[in-house]
Amino acid sequence: MEVGDKIKMPLPEYIKKEYKKTRTLRGMWYLTNYKYKFNMSRIKTYLKGLKQGHVLGIKCRSCNRVFFPPKTICGKCLVKPDQWVMLPETATVATASAGYAEDDKNRERPIPVIGVRQDGSDTVLMHNISEGVDFDTVYIGMPLKIVWAEERNGGWFDIDHYEPIEDPANELNKEENKK
Amino acid sequence: MELDPTFDRTISLLNSYTAGGMQMRAYMKKFNVSIEDIAKIAVNSIKNAAKNPSALPEAQQSNISVEDVLESEILSSPLRKLMYPMLCDGTAAIILAPEKQSLKITDNPVWITGVGSCQDTYYLGERDLSISTSMEIAAKKAYKIAGINDPKKEVDVAEIFGHTVCEDLILAEAAGLCEQGNGTSLLDGGPALNPSGGTMSGLTPCACGLTRIIEAVKQLQGEAQDIQISGAKKAIATGQVGFCAQNNILYVLEGGGN
Amino acid sequence: MSKVQPAIISCGFSEHASKRSDVNMAELVYEAVENSIQLANIDWKDIDLIINGNMPAFEGANMPELWMGDHIAAKNKPVLRVTTGGTTGGSVTIAGYYAVASGLYDTVLAIGFEQQSCGDTALGLASVAIGEIVIYPDVGYDYGKMASNMSAGAAIGVAAYQAMNYMRRSKATEEDLARVVVQNRRNAAKTWWTHLKMPTITIEDVLDTPYLSYPLRFGMVCPASDGACAILFTTEEKARQIADIPVYVNGVASVANEPAILAPNMEGAGQVDPCEQLGAMKSAELAYGQAGISFPEKEIDYVEVYSPFPNQELMWVERLGLFEENMAPEAYKNGLTAWDGELPVNCSGGVNSTNAIGASAMERPAEAALQIMGKASNQVPKTVHTAMGHGWGGSINLITHVVMSDEPQRKWR
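Residue numbers (my numbering), protein chains in the order written: chain A, 26 to 204; chain B, 10 to 267; chain C, 3 to 415.
Don't take every hint at face value.
[Claimed, not checked] Derived pair list, reagent style BS3-like, types lysine-lysine, alpha-carbon separation capped at 30 Å: (1) B:Lys-153 <-> C:Lys-240; (2) A:Lys-42 <-> C:Lys-21; (3) B:Lys-60 <-> B:Lys-90; (4) B:Lys-113 <-> A:Lys-101; (5) C:Lys-240 <-> C:Lys-47; (6) B:Lys-149 <-> B:Lys-109; (7) A:Lys-105 <-> C:Lys-284.
[Stated by the list, open to error] Restraint ranges, calculated between C-beta atoms of paired labels, are given here: (8) A:Met-111 <-> B:Asn-24: 53 to 63 Å; (9) B:Pro-107 <-> A:His-79: 44 to 54 Å; (10) A:Lys-73 <-> C:Met-148: 16 to 26 Å; (11) C:Arg-171 <-> A:Ser-155: 25 to 35 Å; (12) B:Gly-99 <-> C:Tyr-100: 22 to 32 Å; (13) B:Glu-188 <-> A:Cys-102: 49 to 59 Å; (14) A:Thr-97 <-> B:Lys-161: 43 to 53 Å.
No lab work stands behind these hints, which were simulated from the structure alone.
Beta carbons are placed, not taken as given, at the ideal position from N, Cα and C, and that holds for glycine.
Full structure from sequences and hints, please.
As structure tokens, this is what we get:
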């Protein structure tokens with residue numbers, strides 16, 4: 026069973042009204058005929074940085090917010106950010122959720138997706154956490170570190186995934202660190 | 010995609026070329042207008058576009074003649090290629106402000122004194138294609154608010170958004186700028202029709218109405234350079250959507266003039 | 003401020019269902035239009051302007067108000083279109099308000115509709131982001147990985163992430179979310195036009211369904227409905243003649259914020275915490291200010307918030323100033339928001355029970371207005387003087403607010 030397939034659900038019953046069917050006609054919308062333009066200037070520099078193992082964010086000179094991955098325009102200031110900054114490899118979990126698929130024993134297998142906020146940046150990037158991490162242990166504020174891909178060739182997944190690292194505040198916050 | 014999905018879209022006979030062709034045929038037949046007269050309006054618009062610095066460069070042809078128009082490719086009889094605008098990319102933006110603020114910001118504001126809009130029925134078969142009822146109603150509303158009694162004499166500049174040159178004429182007549190069927194007389198006198206070239210200077214479907222307003226504003230502020238109509242004080246600018254101008258809007262603008 | 007005080011005189015609906023297979027778009031809208039004109043008892047020729055709104059990407063039909071012109075009473079009348087995604091209904095309502103307030107039009111018909119069974123919802127949603135998604139494979143982000151990463155958010159968007167953050171802030175449990183769903187669906191059973199009518203649903207029924215995306219279960223999410231809604235606006239003088247209790251629209255506001263989670267152009271999303279909603283708080287402030295309301299928790303009698311997912315209902319009633327921060331789950335437990343409570347919320351069932359995208363944000367002010375008029379099908383026992391309808395959309399960043407009352411706002415005139 027693939028992710029996204031309709032899982033057969035026992036939905037609670039609701040009062041339905043039957044409607045007669047009227048004539049239907051097919052129609053098409055050829056989205057593949059459209060050509061969209063894309064500004065790659067910031068993304069190219071970012072990907073080059075990833076290939077060299079550098080984590081680059083871009084800073085807006087007006088409000089000093091750092092965007093990771095880079096943005097072409099700052100929404101708050103209407104200014105094009107142009108100052109590149111080097112960010113550390115550590116990050117925290119800003120948000121997390123899980124999609125579900127059935128595993129081989131017909132149980133629900135969570136596929137975690139996390140929103141990652143790189144240390145020093147003010148934005149969130151959706152990415153993956155290490156395989157095998159139990160989704161129940163993921164909490165908001167959990168510290169992470171980048172795991173680079175074995176071979177980096179300037180693509181989006183040169184950052185292969187993020188792995189959890191030890192949280193020094195864990196001992197102090199034992200009660201707070203629940204989802 | 011603007012077509013009714015249950016019939017017109019599946020039959021796919023109706024598009025802007027065929028609609029323009031049918032409209033032109035109806036107009037020419039009812040008012041006995043020859044195709045040469047319509048070609049003269051096209052030549053006028055294209056020559057104006059050639060003098061307009063904001064026009065699409067590919068649409069600018071200063072050496073065009075009536076023969077060039079009549080021999081251009083047929084899109085849908087009797088509509089010819091040089092009577093139909095060129096589609097292009099573009100953006101337009103304006104800033105509006107109330108009276109007090111605008112007088113603080115600029116010495117030369119242009120006032121919006123009237124507006125009217127109206128939508129006709131969708132089906133071409135239910136309309137008389139040689140006239141435009143929706144533009145007549147929209148224009149009456151706008152003139153009432155602006156206090157214009159005789160548009161033939163009071164309007165100096167008319168920027169009309171028509172999908173073809175013939176539609177420019179039909180809409181100009183419906184807006185009261187000349188007698189019905191007599192649109193070609195606008196070349197000899199009366200309000201100036203599309204001094205910027207109108208849609209023949211380039212058609213960006215959703216920005217075109219705003220571009221017509223901007224061209225009218227330039228005329229009223231005295232900043233239209235080579236295409237300036239001297240002494241322009243009142244102008245109208247129109248916009249539309251739908252086949253054969255189903256939905257029309259008309260703005261009356263007034264400025265200092267010079 | 004405005005010279006003319008706009009008022010709502012009637013709200014009409016069509017029947018909403020998962021598949022209205024018996025009508026096409028034009029006929030569906032006509033049901034709502036006919037309903038509203040009959041309730042107001044006016045002649046349709048007196049309507050001066052028609053404003054139409056839906057999300058065209060869902061049906062793949064551009065400019066529907068052109069070919070359904072005859073069905074929406076638009077022959078030889080001015081017509082406007084307003085489309086803002088999920089908040090379309092709210093924006094159409096606000097456009098109706100401004101049309102009357104400007105003094106140019108006396109009677110205005112505002113319509114919101116959607117017929118999702120006509121089209122392809124997934125394609126419609128994808129078309130919102132298509133310009134950005136197609137570039138991903140060029141930078142090494144292939145479709146397979148994208149599908150798996152979007153899986154947590156695909157069906158329900160950012161709401162799942164919003165739920166995680168909200169539950170961490172307020173310590174709400176899944177049971178609290180299920181309680182909201184039960185209240186909504188039972189309310190929907192008493193309203194005639196809604197989609198999911200479940201008069202006997204319990205918390206256990208909701209928690210018994212599998213997860214869609216953590217922490218939202220299948221039983222908690224909104225349906226995709228076909229339906230239409232129409233509101234008639236007019237001036238104060240005409241409203242007094244036509245309606246028993248005209249509903250004066252006193253405050254409108256809409257504020258946009260940066261998107262969260264799903265940002266365009268492969269860039270980092272600007273809103274880090276999706277349940278912070280500064281835009282909603284600002285928009286509420288603006289709308290209350292216009293309406294002259296200083297203590298919303300005391301002055302507002304009835305509220306309809308736009309919450310396709312139960313965590314959003316808890317979040318909105320806090321952000322809109324009706325309950326203290328993190329106190330909403332308690333309020334729901336103690337029955338404050340029930341039909342007979344101090345501040346009833348979503349007695350029509352809310353968006354959780356019926357979601358026709360173009361119409362839902364309009365049905366919220368419409369139901370709130372009906373409660374003031376005393377004509378709602380699930381009329382609350384207390385007298386409602388001031389009510390509020392709210393809408394949101396986009397990547398949780400577009401908000402609209404409409405505040406109404408049975409007294410016109412004389413302060414600003």
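Which constraints among the numbered hints does this structure fail? Numbers only, ascending.
Hints that this structure does not satisfy do not exist here, as all of them hold.
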